[in-house]
Each structure stands twice: as C-alpha cells, then as structure tokens.
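If you read the protein sequences in the order shown, they are chains S and H.
Letter 84 of the first sequence, counting from 1, is numbered 84 in this note's numbering, and no numbers are missing.
Letter 82 of the second sequence, counting from 1, is numbered 82 in this note's numbering, and no numbers are missing.
These are calculated hints, taken from the structure and not from any lab test.
C-beta atoms are modelled at their ideal positions from N, C-alpha and C, and glycine is treated no differently.
Hints may be right or wrong, so weigh each one.
Taking lysine-lysine pairs in the BS3-like style, the calculated list, with each CA pair at most 30 Å apart, reads [unchecked claim]:
(1) 81/H - 40/S
(2) 52/H - 211/S
(3) 173/S - 81/H
(4) 52/H - 95/S
(5) 110/S - 81/H
(6) 52/H - 40/S
(7) 28/S - 130/S
(8) 160/H - 81/H
(9) 117/S - 130/S
(10) 173/S - 100/H
(11) 134/H - 39/H
(12) 117/S - 52/H
(13) 117/S - 48/H
Over 10 Å on every C-beta distance to chain H, these chain S residues come out as not near it, computed from the model [as the list claims (entries may be wrong)]:
(14) 154
(15) 169
(16) 191
Take a look at the letters that make up each chain.
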Amino acid sequence: MTRVILLIPILFLLSCQTLPVIRLTEEKPFVCPSPFLKEKSRLVHAIENRVRGNVQSSVLGITVADPATRSFSCAIVTAEGMSLFEADFSPAAVKIHRALPPFESEDFAKNMMEDIKLIFLAPEGSLQSKGYLSDGSQACRYLQTSGDVIDVTEHPSDGIQIKRYSSTGVLKKHVTFDKSGKNIYQHIELQAYEFFDYSLLMNLIEAQPIKKQAQKKK
Amino acid sequence: MKRHRVSLIFVCVLLFFSSPVYSRANDFEKIRQESAKIKTLQADFVQKKFMKILSRPLVSEGRFYFSAPDAFRWEYFNPLKSIVINFQGKTRRYVYSDGKMEEDQTGGAQAMKIVLGEVAGWMHGRFDQNPSFKATINKKGKTRITLTPVEKKMNGMIEKIEITLSPKGQTVQSVKILEGTDNYTLITFNNVKINAVMDPSVFQDVR
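Here chain S stands alone, though its shape is the one from the complex:
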C-alpha cells in the first residue's frame, strides 16, 4: 500500500515534465528554422513502421501537400501495389476513400493526419518564444490552440528537429530530418511517445513540386 502511495506522486511528477528552457537573446538574431514545404509538392517515401523498436511493416507513402491551403492527400501502398489507405485532408474536412486492415481505424487516420501536418506543414499556432536551447540549438516555440507546444530547432551538428509537447510538457512526438544537405525530406524519422510508442523511418523515393501551371491544366 505504501508503495502505491509513493508511486502516485512519482507518476504525477513524471506526467508534469517541464518544457526545455529557451534562452531569449538579442545578441545573435536568426530566422526561425523551417523544414516545412514552401510549395505544393508530391512526395513518395518508403516508410518503415516500428513499434517498440521492432519492424512491423514497410510500405510506400505518397503525400501531396499544399502549404497554402494546409490541405493534403495521402495514400499508403504495399510494395506489391495494394492500396491500403487513401484520404484527403483539409482544414474543413477529412475524406477517407479507402482504408483496409490494418489501417481502417479512426485513430490511425487521425494520427496519420497529425504526423503529416507536423512534418510538412508549418505550425498553425502563434510564435511564443524564440531563442537558444542549452545545447546551443536555435529554437522557435509555437503554442497550438489545443494547448500543445511545438518546438522547431536547429543545431549545427544535429540539424533541424521538431518536438511536439503536451500542454503539461510531456514530449509526444519528435521528428528529425536529413542532415546531409541534400533534400531535407531524403530521410525523416518520427518517434511518437503515445499509448504505445511507434516510429516511422521515411526514405525519399521521389519528390516533385506541383507547379501552378500543371494544376491549371488539370
């Protein structure tokens, strides 16, 4: 019983972690790091999904995202060509055209939408603070309407990273991008600390900007 009583405050303390401190400074001004899409683009990635470190599956992910409208379409296809998931997302609506097992749950669609937004679209929230982390990373902190906090950071050796925290400061998602200097979407890793931890390892197969002219022709 004593153990249980001790465990409750420990769990409470763990759930109320604090956000990393951003040291505000005017000495070395910088532009907020922005790994996000600048124009409407089509990206095809090989995606490896891991749960608790174990490989679950490997699929092809196709994303067509438009940062101007914050809308995107996505599809998940197996190596064998079977389309498992197809959906359109816009700020106004979510349209799921196809969802086969194991991607048929509502939670999956919601999580996928959140992951794509986090990786490719700039945070919707307002810039709360801008400065440096203790490790020297440049950091911009955005407060989301949900209360969540998104930190976009850039470190000279670790590259650009995105971290999403809950309103209580618990790290929920962590995204790292390619550091080789090629296409920033060449290699993306997303680590989610959810009810069950999962990670996505994404390797770029094809990237293609969708020009306005091409859109008009269609």
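Given chain S's structure and the hints, the job is docking chain H onto it.
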C-alpha cells in the same frame, strides 16, 4: 411469331459460339492441360501502380518463382525490398530493414496475399477454380481472363482482375488488378523460364 422466336434463339446460339467472351469449362480445361506441363516457372516482372494521386506510375521490379503445385516466391528488388513466400501452405511476408529481411508483423494486407496466391494458381492454369472469383474468358487476339470477386470480403478491395496469357504458351503475360476508379496495378512478366532447374531453397531462404 413462332418462326421469329426460333430465329432469335438461333441467332443467340450463333452469337454464343462466335462471341469472344464466354466462360466455358472446356476453354479453362484446355488452358489447365497446357499449364499442367509447367512444373517450375521463374520470371522477372515490372509492376506499375497507377493512382489518381500519382502523376506518373510508381514502378517496381522484381522476380517471381513458382514450383508446382503451389510454392511461390514474389521478390521485389526496388523501390521497396520485400518478399512474399508461400511454402507448404503457409504464406509469409518479409520486409527489408537494417540490412536484413524481417518478417512483417502486421498480419495485414491480406488482400495482397490472396492476390499473390492467386497468381501462383493462374501460372498453373487454375483460373476458374476459386469460388471467390467468377471467371470469364475472352479469346479475341490474346487470351484474356477476367476474374470478378463474388465474395463480400473482397468488396472494396478489388473490383476485378484481368489476366492476359502469352500467345505461345499458356503462361500469364500480364496481370491487371483494378482496385477502383483511377487505381490499378499492372504487372508484366518477362524473361520467363519454364521448367528450368530451381533450387528449392528459394521458397525457404529469404536472404
């Protein structure tokens, strides 16, 4: 009136035999007899995935192995390395990770496993023997077999499958899997080797 009816029936019978589209058991039987000669088969394949979301098809390449009666190995080399093996009644899927093949843990993509299993059956001429599909045959030009799912479990997964046979032998030349409007997969086989010696380890070893 009676004469008109007889003429109509005559025309229908004539149309039935002259029409390229029919599903007569003896046509399938003929193909089956031809295919029964196939003990092993290996072929390269190019797979093109067409979707509305893509501006150009997504191209994959790989190699297919078949050994009668039902062992098969589908191996994809790029862009995503994966292997589906059916051996002694068990189908397993492997994906490439960290330099080695790992078994797919999701247990999902059942429809894909069903289709790949079917293709192996087709290589052996078993087109009309799966109760999950209604098979029709079109012998105009190249022989084309169309399979339409009849079982509810395939609803929303596959609309139909079109199989084109090679003009010489009765082996499968291409498979078109239609999943929906603007969404289909075309697999074309080439470098087909029939009854060549095949190392049985290809159905067990995923390295």
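Which hints, by number, does the structure contradict?
Violated hints: none; all satisfied.
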